[in-house]
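Chains as they are written, first to last, in my numbering: chain A, 1 to 551; chain B, 1 to 344.
Calculated from the structure, these hints are not laboratory results.
The model shown is predicted, which means the values in this text are computed figures rather than measured ones.
Treat the hints loosely; a few may be bogus.
[What the hints assert, rightly or not] Covered by chain A, per the in silico footprint, the following chain B stretches (three or more residues, Cβ under 8 angstroms):
(1) 62-71
(2) 201-215
[What the hints assert, rightly or not] Residues from chain A shown here face chain B by an in silico Cβ test under 8 angstroms; the list is partial:
(3) D112
(4) G118
(5) E238
(6) G251
(7) G316
(8) Y352
(9) Q430
(10) T504
Backbone N, C-alpha and C define an ideal beta-carbon position, used for all residues, glycine too.
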Amino acid sequence: MTETAYDVMVAAEHFHDKTALPEVLRSVFTSLSSDPEMKAFIDALATAAPKLRSLPVGLPNPYSWDCYDPEFAAKTGSTKTKWSANPMDNLAAIPLGDIPYAIDSDYLTGTDCGVDTGWDPGVVWRDLLGKNPAIITKPPIADFQSGDHTGTVLGMWSIGPDNELNDIHMTLRTSNAGALGYLKKWIETIAGAGAGTAWVPVKCGLKCGAAFLWPPLAAECKKCIESAVNDGKNATHEGVTEIDGLLWSDGDIQNANFTGIPHHVNPPGAKPFGGVWAVPNDSYDDQWGLIVDRAGPTSLPDPIEFVTMAASDMVGLSFLAEKSGAIQNYQIATNADGHAATVHRDNHEWEYLSWPHVAMTPVDNLGMFGWMELEGYAKKGSFQASMPLDTTKIAYRLGWSLHAIGDATVPMHTTGTFGWGHRPFEDSMQNLQKPLFRRTSEQQTARMVFTLLTRGLVWRKAVLAWRAAHPGSLDVPVRNIISGVAERTMTRLSLSSFDVFSYTASTQYLVDKEGANLIYDNGPIDLYQDLVDEGTAAELTVLASLMEVLP
Amino acid sequence: MKRHFGLMLSGFALMLATVRCGSDQAAAPAAPTPSDCNEAARARATDDAAKGVPADELRRRLETAMLRCAEPNAPAGKLEMIGQVNADLARAGGELADGTLSGAAYLDIVADRTGKLSSYRADSAVRDAFARGDADGDLVPDDRDKCPNTPRFQPTDATGCPLPGGDPTCPSGLASCGSPRAHVDDEAIRRAFESTTFMIDARCNNAQPRTPTPLAWGRGTQAPTDWGFNMMMTKVPADQLGAGCDLFYEVEVRFASPGLGSLPPIKYVNVMFRASEDLHPEDPHRAFFGVAVQSPPPGQRGELVKGFSSYNEVQWRTRAVTGNQVASPWSGLKQQGPAAAGVF
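Assemble the whole structure, with the sequences as input and the hints as a guide.
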C-alpha cells in the first residue's frame with residue numbers, strides 16, 4: 001500500500017516535470033488536471049516526492065552484511081552488500097532515495113542481509129523509478145539493485161508496529177509462580193527432564209492452572225498432561241495452533257501475537273452493544289479499540305475469542321501497564337486535532353481485570369502517537385511530542401501513521417476482532433498482492449493511478465478543510481483520516497453481498513489453514529481492491545501533506 | 001497429588017523464610033516489595049486450600065489480596081469488588097471450558113460483572129453504597145438490592161433481582177432474544193477448545209527468535225542415496241532462547257498454476273521442521289530441510305512433495321517458533337517458479 005502510494009507520487013513528479021511518462025499514464029494526469037483542485041493535488045504530490053526521498057532512511061544496520069540468498073550473488077557477483085560509499089557505514093543517515101537495494105519486509109527481524117532480491121516494481125514503474133530526475137545517475141531498473149527504493153523502505157517501516165514487542169507486556173496476575181510451574185513440573189515428572197516440547201491441549205492448561213488453587217484438580221491435570229505427552233511422542237506437528245493474544249507463559253510475557261491488540265478501531269455506531277449492564281463504548285476515547293468480550297461485527301466474540309477470554313480469566317492474564325508501550329503511549333492527551341483527549345487510566349486500572357475485558361485504545365491513537373513523535377523528532381508541526389531533534393527517526397515513526405491507515409482498511413480491525421476470519425483474510429490479502437496492486441500492464445497501472453488520484457483528492461480536500469479551520473497550521477489531522485478510512489471500510493462492507501466475516505474461519509485456520517485461506521482467496525477481488533485502494537489513496541494524501549509540514 | 005501439593009507448600013514456606021531471613025540479616029529491615037507481598041498472598045491461598053476453603057472463595061481472596069499488594073491504600077470495598085469480579089470471571093471461564101456453562105450464559109456473566117464494575121467505578125454513590133455492604137455478593141449494594149438473597153453467580157438486573165433464564169429458545173438473560181449474543185454456537189466453542197494446544201518446553205525462556213529468511217527451494221540430496229525437495233533458509237540463532245530449547249522452522253507454501261487441470265488452482269501446505277532436522281547443521285548461516293520424494297511421508301510433508309511436483313508457482317514464507325510457542329514474525333514472501341536444481 002505504502003510503496004504504491006509513493007510510486008504514484010513519482011508518476012506525478014514525472015508529469016509535473018514533463019519527463020518521460022508512458023502515454024497512457026500521461027493522459028490520465030492530463031485529463032484529471034483540468035480540475036484545478038486536482039491539478040493542485042498533483043503539484044503537491046510532485047513537490048513532496050523529492051522531499052520525501054531526502055529524508056534519512058533511519059534503518060539500523062542489517063543483520064548481516066553478507067547475503068545468503070543465491071539470487072543476490074547471481075546478480076551482483078558477490079555475497080557482499082554495499083550500502084554506501086563507506087562499507088560498514090551507519091545506514092540511518094542515508095537519504096531514502098539513496099538506498100541501493102530494495103528492502104525486504106522482514107529487514108528488522110530477519111537473519112539475512114534484508115535485501116528483497118525478488119523485487120520487481122512492474123512494467124511502468126520499472127522505467128519511472130529508474131529514470132527519476134532526482135536520481136538520474138541510476139540506470140533503469142533491472143532488478144532489486146537499481147532504482148529508487150524509497151517506497152520499499154517506507155513500506156517496511158509501515159509494518160513497524162507489528163514488530164513492536166514492547167507495546168504489550170502481560171503477566172499471569174495471580175498464579176505466575178504457581179500454575180505454570182505446576183504444569184511444567186508435571187511435564188517433567190511424566191516425560192523426564194529435558195523431555196522437549198509438549199503440545200498441551202488448552203483444556204489441560206486450564207485444569208493445571210486451576211489445580212494450583214484447587215488441589216482436587218491436580219489429578220485431572222496430571223492425567224491430561226500424561227495423555228498429551230504420550231500422544232505427542234508419535235504425533236507430527238505441522239503448524240502452531242496459536243491464537244492472537246493468548247500465550248501460556250510466565251513472568252513478563254511479550255509476544256508478536258500481542259502487538260496487534262492496539263490496532264483496532266470501532267467506528268461509532270458501527271455495531272450494537274446494549275443491555276442493562278452495557279458499558280459505554282466511548283468511556284475513554286471518542287472511539288473504542290479492541291475489547292474482546294464484545295468483539296466482532298455483532299458484538300458476539302467468535303469461538304477462539306471465547307477460548308481466549310475463558311483461558312485469560314482462569315489464569316489471570318493481565319496487562320503489565322507500566323511496561324506496555326501501547327498503554328503509556330497511545331493514551332493521547334491532546335485534543336488539538338479535534339478528537340477528544342483520552343480519559344487517562346492509571347496503571348492499576350489497566351491491570352484490574354484480565355486483558356480481554358479491558359478497552360484498549362483505538363488504532364487512530366496509535367497513528368497519532370507516531371505523528372506526534374515524528375513531528376517532535378523533526379521539530380516541526382503543531383502536534384509535536386517533546387523529543388530531541390533527530391531526523392533519522394522521522395521515517396520510522398511515520399510508519400505508525402501509515403500502519404494505522406492500513407489497519408483501518410481491514411474489516412476485522414474495524415470491528416475489533418482477532419477472530420471472525422481475521423488471520424485467513426490477512427493471509428489472502430498478502431497472497432493476492434499481485435492482482436491487488438495492478439502492475440502487469442500499462443493500462444492496468446493507469447486505471448489504478450486514476451482511482452488513487454481521484455480518491456486521494458477527497459482526502460486531500462479533507463486535509464485542506466481542516467487546515468482552513470485551523471488557521472496557521474499546515475498540519476494533517478491523521479486521526480480524522482484513519483477514522484474516516486475505517487468508517488468507509490464499514491460502509492463498503494455493508495454494500496457487499498460477500499460476508500467477509502466468518503464465524504468459524506478462525507477456528508478452521510487452527511486445523512485447516514488451506515480451507516480457511518481459500519474462503520478469502522476465492523472471495524470478491526473487487527471488494528478487496530476497493531478497500532486497498534482507499535487505504536492507498538489516504539496514504540498518498542498523508543505523504544504529500546506531511547511534506548508541507550516538514551522542511 | 002497430596003505429596004506434590006505438600007512440596008509446593010514447602011516451596012512457598014522456603015520462599016517466605018528466605019525473605020524473612022534476608023530481612024533479619026540486614027542492618028535495617030528492607031521494606032516489603034509488592035513481589036514479597038504477592039508471594040505471601042499466594043502462600044496464604046495455599047494454606048487456605050489445605051484447610052478446604054472452596055475454590056471460588058480461595059480465588060476471591062487471592063485476587064483481592066494481590067490487588068491490595070499493588071494498591072495498599074485503595075478505598076474500602078474497591079478491591080473486594082474487583083477481586084470478586086475476577087473470581088467470578090475465572091469460574092465462568094472454567095465452566096465454559098468444561099461445557100457446563102453455555103456461551104450465552106458465559107457472556108451474561110461477563111457483561112453483568114464487568115458492567116457492575118464499570119458502574120462502581122463511574123458512580124461515587126454506588127461506591128459509597130457498596131462500601132456499606134453487599135450481603136448476597138451479587139455486586140448490587142444492599143441498600144438498592146430488592147432481592148437480597150440472590151444465589152451466587154447469578155446475573156441480575158439493576159435492582160439486584162435475578163434475570164430470567166432457563167428458556168432454551170432464549171438462553172441469555174441479558175441480551176434480547178433477537179441479538180446474536182443470545183444465540184451462541186456452543187458446538188463451535190467446544191471445537192475451538194479442542195483445536196487449541198499450547199507448546200511448552202520448560203527449557204525455553206520467553207525470548208523471541210529472529211525470522212528465518214526463505215532463500216530457495218529445489219531438488220537436492222538428503223542422504224547418500226536419497227533425493228527429494230529441499231528448502232533452504234537462513235539459520236536462526238538459538239543461543240538466546242534458553243539452553244536446550246527446541247527450535248522449529250515453520251514453512252507455509254502457497255502453490256498456484258497447477259500443471260494439470262484436475263488439480264485445485266491454489267494449494268496451501270504448512271509444515272514445521274525441528275532445527276535438529278537440518279540437513280547441514282555444520283553450515284553456520286543456512287538451514288536446509290527436505291522432504292523425500294521416493295517415499296513421501298504422510299500428512300502435510302507428503303502434500304509438500306505433491307505441490308512441488310505439480311505446480312508452477314511457489315510462494316513461501318517462513319518463521320521460527322520456540323518450544324514455548326514464542327514465534328518470530330513471518331518472513332516476506334519468496335516467489336519461485338518450477339523446481340530449480342541444486343539446493344543440496
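> With a cut-off of 8 angstroms, does the beta carbon of G118(A) approach a beta carbon of chain B closely enough for the hint to hold?
Replying inline: With a closest approach of 5 angstroms, the G118(A) hint holds.
> Regarding the hint that E238(A) lies at the interface with chain B, is the smallest CB-CB distance below 8 angstroms?
Replying inline: holds, 4 angstroms
>> Quick check on G251(A) please, does its C-beta sit within 8 angstroms of some C-beta on chain B?
In response: holds, 7 angstroms
> Mind checking, does the segment 62-71 of chain B have 3 or more residues with a CB under 8 angstroms from chain A?
Replying inline: Answer holds; 6 residues pass the 8 angstroms Cβ test.
>> So is the segment 201-215 of chain B in contact with chain A by the C-beta rule, three or more residues under 8 angstroms, or is the coverage claim wrong?
In response: holds (count 10)
> How about D112(A): closest beta carbon in chain B under 8 angstroms, or not?
Replying inline: holds, 4 angstroms
> Holds or violated: is there a CB of chain B closer than 8 angstroms to the CB of Y352(A)?
Replying inline: holds, 5 angstroms
>> Does the closest beta carbon of chain B sit nearer than 8 angstroms to the beta carbon of G316(A)?
In response: For G316(A), the interface hint holds, since the closest Cβ of chain B sits about 7 angstroms away, which is under 8 angstroms.
>> For the restraint on T504(A), tell me whether the closest CB of chain B is nearer than 8 angstroms.
In response: Result: holds, 6 angstroms to nearest chain B Cβ.
>> Hint Q430(A) vs chain B: min CB-CB distance below 8 angstroms?
In response: holds, 7 angstroms
In this structure, every one of the numbered hints holds.
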